[in-house]
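Residue numbers (the working numbering), protein chains in the order written: chain L, 1194 to 1306; chain R, 183 to 296.
No wet-lab data here; the hints were simulated from the structure. Remember, predicted model here, so these are calculated numbers, not experimental data. Treat the hints with caution; some may be incorrect.
Said to hold, decoys possible - Here's a subset of chain R near chain L, in silico, CB distances under 7 angstroms, partners left out:
hint: 1; residue: T213
hint: 2; residue: G224
hint: 3; residue: L225
hint: 4; residue: F273
hint: 5; residue: Y282
hint: 6; residue: E284
hint: 7; residue: F287
hint: 8; residue: G288
hint: 9; residue: P289
hint: 10; residue: G290
As the list claims (entries may be wrong) - Straight-line C-alpha distance at most 25 angstroms; calculated BS3-like pairs for lysine-lysine:
hint: 11; chain 1: L; residue 1: K1235; chain 2: R; residue 2: K260
hint: 12; chain 1: L; residue 1: K1251; chain 2: L; residue 2: K1215
hint: 13; chain 1: R; residue 1: K244; chain 2: R; residue 2: K193
hint: 14; chain 1: L; residue 1: K1215; chain 2: L; residue 2: K1264
hint: 15; chain 1: L; residue 1: K1235; chain 2: R; residue 2: K193
hint: 16; chain 1: L; residue 1: K1264; chain 2: L; residue 2: K1250
Using N, Cα and C, we set each Cβ at its ideal position, and we do this for glycine too.
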Amino acid sequence: GENVEQHPSTLSVQEGDSAVIKCTYSDSASNYFPWYKQELGKGPQLIIDIRSNVGEKKDQRIAVTLNKTAKHFSLHITETQPEDSAVYFCAAWEGVNDYKLSFGAGTTVTVRA
Amino acid sequence: DARVTQTPRDKVTEMGQEVTMRCQPILGHNTVFWYRQTMMQGLELLAYFRNRAPLDDSGMPKDRFSAEMPDATLATLKIQPSEPRDSAVYFCASGPGGPYNEQFFGPGTRLTVL
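This is chain L alone, in the form it adopts within the complex (with noise of 0.2 angstroms):
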């Protein structure tokens, strides 16, 4: 099946800096990227996917990045403000028959004022 790795487990950051975070996968099937960012008290909310077929989508201040050949993608969020800290989940797609996605150990992003 499929393995995610997340890192770092835990980031800290000036407001108005950027962060990045890293995500391995290791079925070279997969196809789907989504991120998911979860505040606390509340379940994980998609922020943000990336299909195969593309290298990078941007959406305001988020972006994503997909390298297939290395098979790791990467969350980037830049101008960081207060209301991104939260926890951050990666998670990829299994294959083409399958519903399940698999899921990053998350990581919580501090964003400090």
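Given chain L, put chain R in place with the hints provided.
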């Protein structure tokens, strides 16, 4: 604004008691997932359904956990008997299915077994 709803939001029970958690998926979604979240294990997939049929429940302890979808608007997760190690936050998620399976999570049920 369509959302996944879960009840109860919090549950405190004593060891040995039965616990039932309920989930209402987003109308029109045909895939439903149950996850458990703990500090040690992170997000674990317990079971999931497509068109109300169970596709995979390999993540569930079979002797005490059961998951069902009595109809398209209700998914249940039962634990009988409950144990202290079952204490966790349980999330339900639903999705429209298809090749890129975006999942929408509910707010979770925080279970404490004393």
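Here is how each hint holds up against the structure:
1. Proximity of R:T213 to chain L holds as hinted, the smallest CB-CB distance being about 5 angstroms (cut-off 7 angstroms).
2. Proximity of R:G224 to chain L holds as hinted, the smallest CB-CB distance being about 5 angstroms (cut-off 7 angstroms).
3. For R:L225, the suggested interface contact is upheld, since its CB lies about 5 angstroms from the closest CB of chain L, less than 7 angstroms.
4. About 5 angstroms separates the beta-carbon of R:F273 from the nearest beta-carbon of chain L, less than 7 angstroms, and the hint is met.
5. Hint on R:Y282 holds. Least Cβ distance to chain L is approximately 5 angstroms, under the 7 angstroms limit.
6. With its C-beta approaching chain L no nearer than about 6 angstroms, R:E284 sits inside the 7 angstroms limit, and its interface hint holds.
7. Checking R:F287 against chain L by beta carbon gives a least distance of about 3 angstroms; that is within 7 angstroms, so the hint holds.
8. At about 5 angstroms, the closest approach between the beta carbon of R:G288 and any beta carbon in chain L falls short of 7 angstroms, and the interface hint on this residue holds.
9. Checking R:P289 against chain L: minimum C-beta separation of about 5 angstroms stays under 7 angstroms; hint holds.
10. At a threshold of 7 angstroms, the smallest CB-CB gap from R:G290 to chain L is about 5 angstroms, leaving the interface hint in force.
11. Simply put, L:K1235 and R:K260 have alpha-carbon atoms about 21 angstroms apart, close enough for the 25 angstroms limit, and the pair holds.
12. This hinted pair checks out: L:K1251 and L:K1215 have alpha carbons roughly 16 angstroms apart, not beyond 25 angstroms.
13. Between the alpha carbons of R:K244 and R:K193 the distance comes to roughly 21 angstroms, so the proposed pair stays at or under 25 angstroms and holds.
14. The straight-line distance between the Cα atoms of L:K1215 and L:K1264 is roughly 11 angstroms, inside the 25 angstroms bound, and the hint therefore holds.
15. Between L:K1235 and R:K193 the CA atoms are separated by roughly 16 angstroms; this keeps the pair inside 25 angstroms, and the hint holds.
16. Distance check on the hinted pair: L:K1264 and L:K1250 sit about 16 angstroms apart at the alpha-carbon level, within 25 angstroms; holds.
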